[in-house]
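Can you make the complete structure from the sequences, with help from the hints?
This is what each chain is made of:
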Amino acid sequence: MFSLVVGLVVAVVLLVVNIVFSKLSFIPKEFRILTIITIMVGYVYWGFEPYAHHEMHPHVAEAEYKFDGSNDVAALEELGADATETKAFWTRAVSIGSLKGDATAGADLVAANCTACHSMESEGYPKLMEDADAVAAYGVTPPDLSIAGRIYDANYLAAFILNPVKAMHIEHKYPVTGSKVFPMPGSDWMSDQEIADMVAYLQSAAKKVPAPEVEEGASDFEIAKANNKQVFEAACVRCHSMSYAGIDAHTSAEAIATYIGATPPDLSQYIRSRGAEYLHNFINDPQRKLAGTGMPRVGLTHDAEKQVVEYMEQIGDSKKQEREALGPIVLIYLTILAVFALLWKKQIWKKLH
Amino acid sequence: MAEFEKANSVGEWFDQRLNVKGFWRVMMTEYWIPKNINFLWAMGALLAMLFTLLLVTGIFLLMYYKPDVNMAFDSVNYTIMQEVAYGWIFRNIHGVGASVVFLVIYIHMFTGIYYGSYKKGREMIWLSGMLLFVLFSAEGFSGYMLPWGQMSYWAAYVITEIFGGIPFIGDELVIWIRGNFYVADATLTRFFMLHVLLIPLAILGAIVFHFYTLRFPHVNNEEGEFFDYKEESEKYLAGDKKESKVIAFWPDFLSKDFMVISIFMIFFFYLVFYHNSFAMDPVNFDKADGLKTPAHIYPEWYFLWSYEVLRGFFFDMFGISGKSLGLIAFGFAQAIFFVLPWLDRSPMVKPASQRPVFKYWFWLMMADLFVLTIFGKLPPTGVNAWVGFYSSITFIVLFLALPFLTKIEAKMAGGK
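Going down the list, the protein sequences come from chains H and L. So in this note's numbering, spot 160 of the first sequence is number 288, and the numbers just go up one at a time. So in this note's numbering, spot 342 of the second sequence is number 1491, and the numbers just go up one at a time.
Hints are supplied without guarantee of correctness; some may be wrong.
[Stated by the list, open to error] Subject to a maximum C-alpha distance of 20 angstroms in a straight line, what follows is the list of computed EDC-like cross-link-like pairs (lysine to aspartate or glutamate):
1. 473(H) <-> 1392(L)
2. 474(H) <-> 1392(L)
3. 151(H) <-> 1371(L)
4. 357(H) <-> 341(H)
5. 417(H) <-> 394(H)
6. 473(H) <-> 1179(L)
7. 478(H) <-> 158(H)
8. 157(H) <-> 1374(L)
9. 478(H) <-> 1381(L)
10. 478(H) <-> 1392(L)
11. 1394(L) <-> 158(H)
12. 151(H) <-> 1372(L)
13. 1499(L) <-> 158(H)
14. 479(H) <-> 1179(L)
15. 447(H) <-> 1223(L)
16. 157(H) <-> 1371(L)
17. 157(H) <-> 1372(L)
18. 479(H) <-> 1383(L)
19. 1390(L) <-> 1371(L)
I should point out that these hints are in silico values taken from the structure, not numbers from a laboratory.
What follows is the structure, encoded as structure tokens:
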């Protein structure tokens, strides 16, 4: 019944538009026909593109870059679950984030607590073993921390040090009651000030990391690409490959499958298959966009996330600049052609009417 | 053989041997088209233009494409889109062209239906046109498989699976079509062959045949008027072009076609450069993975209406499974347009707006196709499934009712 109604409504609208247009004799007939066809094509296009996508991909909560746990708490409350613990966890993380840390004290704490597993090349802590050995030892390659203080949000870093599983939203992969233990232990036994010191140190160390080297006379595009690549490699390449950029993941797909229960995709064409908007929402908090996914929330700042997505575009849609430069030229050429075609037609049809 | 004079020019040399001037006259300057037409009459030439674009870009893409499940995806998305100089523009033109050619085919087809250009001597035009529609559908479907993305794979899976519903031979037929028990390398390679050789050959032949069918019954005109072409063409040749009801194919008709094509190309290249995801589905930029079913599987927009007829019957009726009913309805939808000239029993050759009954039928049919198209993409759950069911039924009923409705119209018009 519903569809009959829908169909009839569409039919009546079409018929009425058609009748109305046939009466508007002051408008040239061909324009009326063109208008009707444009309306019909536009309607169908609206239906199978924007409307269908809207129906198939429901809107999710806005990406949140404050990393204050407000979305987590809201999500739990919406489910009617107890959010007390989550609220307390994020309150502590936020308060650590707001403390003024002492980078010098932090340096000692990081040396004592982190560098047994993590490298920090810029500060003289090299990788202790090859990637494959690290995978054998930990189940995953521990990330290098050289620019961690720049690309990850301070609140998030604090939350991560307290409880990595909770900060990353992968409690479904590493349940508290489960036998599987996340490779990095939480450090909620440390004092707030100690954690703040470590965050301060990571931030000050990151500032000292020089911009990646580029060839002499490189274009702005190339410089931006090199900067973006640095962030992408730090944030994504432990798990993801980017074959179109010749980048291989540090950890093998099989190891990741054990580590997080999913095979990480190659990201070469993700800018085309997902689009920038989806990627932003997804990277910001994967669970909200795709519940149950193995991809952790990595806690990128808004700026770092933009760099990651921009890099994915620079690799996945590498001809964008060329396309956008050529487009207007072709369209201008065709417009001129159309004007001449119109004049030619008029000249010929003058003799016919 | 007659004695040949020595030719005074290259043109004459060819004319002696090929009667070039005579051929040009018969095919061009004295091939008569009615004057009373609008821009919808340019859709044929526009289709010829789009097909040429597809053919030329296709040839260039063929130089780099690799029909192998391990190489196809990267040969398209890396080699062609990124490595080959301006390869991306060839691919975008090809991808957008494949979608837009269907838009124009549909406009062309429904123009024919609206103006009654399929009857009273024009049946062969209609039939050859429908043959082209089927061939283009096969071409579109086989081509969509080649980039070997997720939608390539799963659309191929779902569509080849349809043949499994055919009684007795279904299962074997699916294996025969796929060349394997599942969609695999053999499937890709054979659809590659179909896409780049067999179907284009058939299309070229069918286009020539379609032109041939137009020659004797002549192109219809805006009012469906029948007149004496010999008389009108003599007026034209005598220089009375303004009074004559006909125009010459060249330069009169083609000058208008060329204008329409030029304007249309602005729109087309706008899509090629700035707005192509409707034709190149984002999901297809994920490499084919037979173990990972996409959340939503749907064909390209131009197949959505018939896909919706196929899946509209989602429950068993009269002791027949929904799947079989859907298949029957799908077969009906594919075949019914062919016999349109015999379903329309009204002798009127007039635009739908001047036909008392047919105009309602036409717009209802259009509306139903719109509903089928839009709901063909939506997930078939809840109310959507019922919309699909009823609009599929509506489609069938509309076509079954057409002979009776047009008979009533014939009586109203006092026809024979």
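Right, here's what the structure says about each hint:
no. : hint                : result
1   : 473(H) <-> 1392(L)  : holds, 19 angstroms
2   : 474(H) <-> 1392(L)  : holds, 18 angstroms
3   : 151(H) <-> 1371(L)  : holds, 17 angstroms
4   : 357(H) <-> 341(H)   : holds, 11 angstroms
5   : 417(H) <-> 394(H)   : holds, 19 angstroms
6   : 473(H) <-> 1179(L)  : holds, 18 angstroms
7   : 478(H) <-> 158(H)   : holds, 17 angstroms
8   : 157(H) <-> 1374(L)  : holds, 18 angstroms
9   : 478(H) <-> 1381(L)  : holds, 18 angstroms
10  : 478(H) <-> 1392(L)  : holds, 13 angstroms
11  : 1394(L) <-> 158(H)  : holds, 19 angstroms
12  : 151(H) <-> 1372(L)  : holds, 17 angstroms
13  : 1499(L) <-> 158(H)  : holds, 17 angstroms
14  : 479(H) <-> 1179(L)  : holds, 16 angstroms
15  : 447(H) <-> 1223(L)  : holds, 16 angstroms
16  : 157(H) <-> 1371(L)  : holds, 11 angstroms
17  : 157(H) <-> 1372(L)  : holds, 13 angstroms
18  : 479(H) <-> 1383(L)  : holds, 16 angstroms
19  : 1390(L) <-> 1371(L) : holds, 19 angstroms
In summary, the structure agrees with every hint in the numbered list given earlier.
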